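Colleague: Residue numbers (the working numbering), protein chains in the order written: chain A, 48 to 415; chain B, 18 to 315.
Derived by calculation from the structure, the hints in this document are not laboratory data. The structure displayed is predicted, hence computed values, not measured ones. A few of these clues could be false.
As the list claims (entries may be wrong) - Non-contacting residues of chain A with respect to chain B, defined by C-beta distances greater than 12 angstroms in every case (computed):
1) D90
2) E98
3) L110
4) E119
5) I125
6) R153
7) D198
8) E205
To be verified - Selected chain B positions facing chain A (Cβ under 8 angstroms, derived; list incomplete):
9) F155
10) D173
11) P180
12) L206
What the hints assert, rightly or not - Derived coverage of chain A by chain B (criterion: at least 3 residues anywhere in the stretch with Cβ under 8 angstroms from a Cβ of chain B; other residues may be distant):
13) 277 to 289
14) 368 to 374
Ideal placement from N, C-alpha and C gives every residue a C-beta, glycine not left out.
As a plain string of letters, each chain reads:
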Amino acid sequence: MTGVKRTGRLSGLLIVPAVSLLLAAAGIGPAAAAGDEVIAVLDGRPITLAEIEENAAFQIYRLRGSIHSLLEREAREIADRRLLEREAARRGLSVEALLKEEVDGRVAPLRESDIDAYLAEHPEEAGRGAEGRARLRSYLEERSRIQRRLDYVAALREKSDYRFLAAPPERPRIRVATEGAPWRGSPDAPVTIVHFAHFSSPVCAASAQKIRRLLEEFPGKIRWVHRSFLDTRDDDALRAAETGEGAFRQGRFWEFHDAILARGGRTPAGAIRQAAREAGLDMQRLADEQGKGTLLNRVREDIGRGVRAGVQAAPVLFVNGIYMSGTFPYEDLRALVLREIGGNQTGSETRVQGKSPGNTGNGKGGRP
Amino acid sequence: MKRPIRFIIPVLVVVLLAPGVPQAAADTAAPLCPKRLSSTGDSMTEAIDAELPAANHWASWVNGYHGFWEWLLGLTNVYSHNQRITKIYGSSGRANYMEAKSGADMFDFAAQAAQAVSRQAHYVTVLMGHNDACQDRFIDIPSNAVFEDKFREGMDILKAGLPKGATVYVVGIVDIYRLWEVAQDKKALGIVDCEVLWATTLLKWYPCSTMLNPLIGEAGRQYTKARIQGFNAILKAVTEGYNAADPNHRYVYTPAAFEYKFGERHVSDIDCFHPSAYGQKTLSEMTWNPALFTGCTK
């Protein structure tokens with residue numbers, strides 16, 4: 048098999064320049080950083096890729112990501128096909144004959160006892176009488192055949208030198224305005240996390256819990272900014288976000304934030320009022336401001352900011368401008384934050400806009 | 018420097034849009050212009066979670082619309098079949114019916130077909146079968162024979178009741194395996210951890226255990242994909258059979274939705290399963306076939 052590996056390496060070397068050219072053209076890899084590329088010209092003045100990415104960095108990133116995964120899957124498919132063709136040729140067979148011999152011919156016939164054993168392990172698959180058993184037999188037979196083929200191709204791959212050379216696109220740093228938004232943590236923290244979330248979702252509540260844990264683990268290193276993002280047809284979420292905005296105006300946003308999220312994302316109207324009282328809000332003032340509709344306008348503005356930044360569904364965090372869904376495990380988020388703390392200590396740039404002068408410096412945010 | 022990749026997506030769309038000529042018998046009645054549209058199907062057609070949680074009918078690949086409120090709210094214009102029909106044939110006499118229901122499977126096709134007949138539709142779309150393949154358990158996936166019987170039941174109703182010259186357009190089931198792959202892409206890109214989302218928010222109605230349950234493994238997923246391919250082969254063969262045997266109507270099958278390599282942006286960030294508004298828009302582009310109505314009568 049050494050010969051095969053050598054051939055693979057040589058092929059890989061030859062492929063590298065061509066792949067680099069393709070990836071450069073696709074905007075994947077190092078050439079993507081060449082932001083001064085002129086994309087258009089207006090009356091003789093250039094419009095560069097960097098300017099476009101100011102507004103559409105995340106959308107471009109997603110497209111590049113799609114292209115990268117498409118290349119990866121297609122390359123793997125071609126490689127697998129070639130491996131089968133090569134092996135078939137080596138043995139003087141057609142690919143069909145090879146698969147018949149190596150896959151169909153090596154799958155052990157299914158016995159009734161195999162079905163019984165499967166049912167003992169998966170009792171939820173029982174039922175539907177004789178027809179159900181026939182379907183199960185068909186499933187188990189076909190699954191064995193598929194598994195054998197997967198294993199066989201994997202073994203061929205194992206003996207070869209297959210490498211996918213395209214690097215995934217780098218996550219862009221998105222400009223996310225933080226002025227006029229509630230924040231907590233250290234005003235001079237090297238890491239700013241903008242959390243697009245709402246109070247009526249268990250996933251958002253869990254996401255907030257992860258940020259709280261980060262603040263505890265890295266004291267002085269993180270500034271947490273809250274932005275509302277929700278479906279405006281979700282009455283509970285809208286009412287809770289509106290109350291949050293009212294709490295912000297009364298300088299008690301984080302008290303309300305923590306009280307409402309303590310409900311785990313379940314926020315019927317009564318729970319919102321109760322959380323507002325617990326946070327010490329002036330309920331009359333809140334009602335007056337709700338009546339004017341200005342609080343809701345601020346919520347809508349936040350949603351607009353989220354949409355422009357590429358948010359489609361809450362919760363989303365921007366860690367120094369780097370997008371990350373709040374659905375990811377704490378460890379993933381922690382790793383990103385650690386990288387940013389390290390990066391900032393070595394002078395890396397953050398593109399998140401500056402701290403709001405309207406926030407108080409008490410580490411708990413304040414009035415806009 | 019030119020960036021050829023920018024041209025890949027348009028080229029794909031052009032290739033997919035290459036007009037397929039309906040294989041109708043020579044003596045088939047001239048097609049009716051598709052002014053009365055009726056869609057049969059499931060959550061894919063209802064555009065569940067495409068842009069906002071729950072049904073997003075404005076974003077349906079077939080029935081979607083984009084009026085003042087959709088424009089004002091900044092919702093996606095998917096340029097659906099409905100919109101294309103109005104653009105080409107005008108708004109006079111237009112009707113746009115959605116019989117599709119979230120959760121429907123081929124057992125529901127007959128009832129939806131009867132609804133389409135009651136509308137006297139000129140153009141009936143069928144995009145169904147996802148819920149036949151997507152089940153809680155593998156043994157719940159119907160056999161090919163049962164699937165075919167149920168499909169024929171609905172087709173018989175359409176054949177017997179649609180006006181002469183109506184077109185039945187059967188779209189092959191979307192490659193659900195591809196949607197699973199796309200969910201992995203979303204995770205790799207840091208956009209959303211779909212498995213966490215499925216486990217935390219969709220637990221009560223796990224959308225497609227026979228494909229998305231992490232415990233079934235690669236062989237389980239490929240089994241379900243193979244069943245979808247089997248169902249699509251049935252949809253194709255049966256549709257072509259009706260087209261050959263019924264001179265009063267046109268029946269056309271397209272594999273475009275199955276064959277298209279959906280990317281990460283085509284799948285909803287809300288549930289990591291249904292097409293996003295962008296996915297619905299692409300679905301509309303891929304499946305719209307103006308050649309179906311060449312020489313149509315009003």
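Colleague: State for each hint whether it applies.
Modeller: Hint check results:
1. D90: The claim stands: D90 (chain A) keeps its Cβ more than 12 angstroms from every Cβ of chain B (closest is about 22 angstroms).
2. E98: holds, 16 angstroms
3. L110: violated, 7 angstroms
4. E119: violated, 9 angstroms
5. I125: The claim stands: I125 (chain A) keeps its Cβ more than 12 angstroms from every Cβ of chain B (closest is about 14 angstroms).
6. R153: holds, 15 angstroms
7. D198: violated, 9 angstroms
8. E205: At roughly 16 angstroms from the nearest Cβ of chain B, E205 (chain A) sits farther out than 12 angstroms, so the non-interface label holds.
9. F155: holds, 4 angstroms
10. D173: Check failed: Cβ of D173 (chain B) comes no nearer than 24 angstroms to chain A, outside 8 angstroms.
11. P180: Where the cut-off is 8 angstroms and the nearest Cβ of chain A is about 38 angstroms from P180 (chain B), the hint is violated.
12. L206: holds, 4 angstroms
13. 277 to 289: Result for this restraint: holds, n = 3.
14. 368 to 374: Holds: 5 residues of the stretch 368 to 374 of chain A have a Cβ under 8 angstroms from chain B.
In this structure, the earlier hints numbered 3, 4, 7, 10, 11 are contradicted, and the remaining ones agree with it.
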